[in-house]
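Residue-level listing of the chains:
2 protein chains.
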Amino acid sequence: MSDLTIRPLRGLPELREGDDLAQMIRERAELVGGDVVVVAQKAISKIEGRIVRLDESAKMDVILGEAKRVVRRRGSLVIAETRHGFICASAGVDASNAPEPGTLVLLPVDPDASASRLRERLGELTGREVGVIVTDSFGRAWRQGTTDVAIGAAGIQVLRDLKGQHDPNGYELKSTVIAIADEIAGAAQLVMGKLDRTPVAVVRGLDVAGDGSARDLVMPAERNLFS
Amino acid sequence: MSDLTIRPLRGLPELREGDDLAQMIRERAELVGGDVVVVAQKAISKIEGRIVRLDESAKMDVILGEAKRVVRRRGSLVIAETRHGFICASAGVDASNAPEPGTLVLLPVDPDASASRLRERLGELTGREVGVIVTDSFGRAWRQGTTDVAIGAAGIQVLRDLKGQHDPNGYELKSTVIAIADEIAGAAQLVMGKLDRTPVAVVRGLDVAGDGSARDLVMPAERNLFS
Numbered sequence: 000m001s002d003l004t005i006r007p008l009r010g011l012p013e014l015r016e017g018d019d020l021a022q023m024i025r026e027r028a029e030l031v032g033g034d035v036v037v038v039a040q041k042a043i044s045k046i047e048g049r050i051v052r053l054d055e056s057a058k059m060d061v062i063l064g065e066a067k068r069v070v071r072r073r074g075s076l077v078i079a080e081t082r083h084g085f086i087c088a089s090a091g092v093d094a095s096n097a098p099e100p101g102t103l104v105l106l107p108v109d110p111d112a113s114a115s116r117l118r119e120r121l122g123e124l125t126g127r128e129v130g131v132i133v134t135d136s137f138g139r140a141w142r143q144g145t146t147d148v149a150i151g152a153a154g155i156q157v158l159r160d161l162k163g164q165h166d167p168n169g170y171e172l173k174s175t176v177i178a179i180a181d182e183i184a185g186a187a188q189l190v191m192g193k194l195d196r197t198p199v200a201v202v203r204g205l206d207v208a209g210d211g212s213a214r215d216l217v218m219p220a221e222r223n224l225f226s
Numbered sequence: 000m001s002d003l004t005i006r007p008l009r010g011l012p013e014l015r016e017g018d019d020l021a022q023m024i025r026e027r028a029e030l031v032g033g034d035v036v037v038v039a040q041k042a043i044s045k046i047e048g049r050i051v052r053l054d055e056s057a058k059m060d061v062i063l064g065e066a067k068r069v070v071r072r073r074g075s076l077v078i079a080e081t082r083h084g085f086i087c088a089s090a091g092v093d094a095s096n097a098p099e100p101g102t103l104v105l106l107p108v109d110p111d112a113s114a115s116r117l118r119e120r121l122g123e124l125t126g127r128e129v130g131v132i133v134t135d136s137f138g139r140a141w142r143q144g145t146t147d148v149a150i151g152a153a154g155i156q157v158l159r160d161l162k163g164q165h166d167p168n169g170y171e172l173k174s175t176v177i178a179i180a181d182e183i184a185g186a187a188q189l190v191m192g193k194l195d196r197t198p199v200a201v202v203r204g205l206d207v208a209g210d211g212s213a214r215d216l217v218m219p220a221e222r223n224l225f226s
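Protein chains in written order, with numbering that gives the first Met the number 0: chain H, 0 to 226; chain E, 0 to 226.
Take these hints with a grain of salt, some might be off.
If several chains are the same, the list does not tell them apart, and a pair holds so long as it fits within one copy or across any two.
[Unchecked claim] Derived DSS-like pairs: lysine-lysine, alpha-carbon spacing no greater than 25 Å straight-line:
| hint | residue 1 | residue 2 |
| --- | --- | --- |
| 1 | 58 | 162 |
| 2 | 173 | 58 |
| 3 | 162 | 173 |
| 4 | 67 | 162 |
Note that these hints are calculated values from the structure, not bench results.
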């Protein structure tokens, strides 16, 4: 395994519906084959027009509209399952980094498809085969703080299954599956500012080409022991 | 924010109780101030002698001995709270990457203290102020696969609290706390092999010096909505 480098993409303008994000990325980064381009969900939602104009008081209605199921509720905290199957706070609805005061950003309708479109357009513009991950910041049941995870993916493995492989002493791994797309998402978050308009990073040095879907990261209902 | 680089440490021997891991790291990496040295829990447990010799059939007794509380149990899967407060599979007990067949590796007794000792010894040997994170691979309630998280920390912030700061449009962030130590742990996992004896990585380019404890990453009981 070679060194991994993670580079934030600087100088992006505020994004608007219809923007050609791939073109903007191409102008600011020299991509090579195998790079993984990580994009914060808000950037995708903005170019896809997933913005609603509403005052904060109506935010709960928007959240409930985005939710397939409310998992827990305490005060203003709503943990909900989205239509995609993700379990997260506010069904992914957020007012921070919205285009302007009084607007809320919703999750993309189909983040895997968003990732695929961006990957294809980057391929057209650069001739490079890259992976794309769309990320969001999710809380965890038993740990404080959020980590970024993959809600959309294209051109990469999302899970690395080591079952049946052997450690250096010959022990056969029985249940080791690593959520590498989530680890890549979290790694990219470390350089992607929430305060300074840096919603894209390029991860170089991984060997993760594949055809996974971020839906594969969702625990199937029959294995969900906690909600 | 500058580029982030993550470099696996190559050529470590199989570790034994009492080994001077800091010396081994120093011989294989040129550390600079501000680096974060990430070490897999198994490496720490081995040098601290947290190994038991038992056949697999007795593994459940060892798990229950390490658990403060069993959270869920289904077949051979036990999700337990450890004495440290971590909620994870098998209370952190694992047979993979154990020193030899017939042995199990337990979590360090006090992983923050392990991180502090390693950090101090690295400081003595190199004259550099670095951060140290001890990691383990934990599952998540609603997502498939494990991600590495921080179970011990020294010399770094573990949570980055953006509450009260403003996004580029002036919106005040209300509840944004990022579990950066967990994101660093996951990032390092991407270069740390479970199959090829690479339990240490060096993360460079972050500005995360601080004095957090990995205990701060544990959701306090009064905010735990799920177990």
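So, going through the hints one by one against the coordinates:
1. Taking the shortest Cα distances, residue 58 and residue 162 sit within 25 Å of each other only across copies (19 Å), while inside one copy they are farther apart (44 Å).
2. For the homomeric pair residue 173 and residue 58, the shortest alpha-carbon distance between copies (14 Å) is at most 25 Å, but the shortest distance inside one copy (45 Å) is not.
3. For the identical chains of this complex, residue 162 and residue 173 are intra-copy neighbours only, at 5 Å inside a copy versus 42 Å across copies, given an alpha-carbon limit of 25 Å.
4. For the homomeric pair residue 67 and residue 162, neither the shortest alpha-carbon distance inside one copy (33 Å) nor that between copies (29 Å) is at most 25 Å.
Against the hints set out earlier in the document, a violation occurs for number 4 only.
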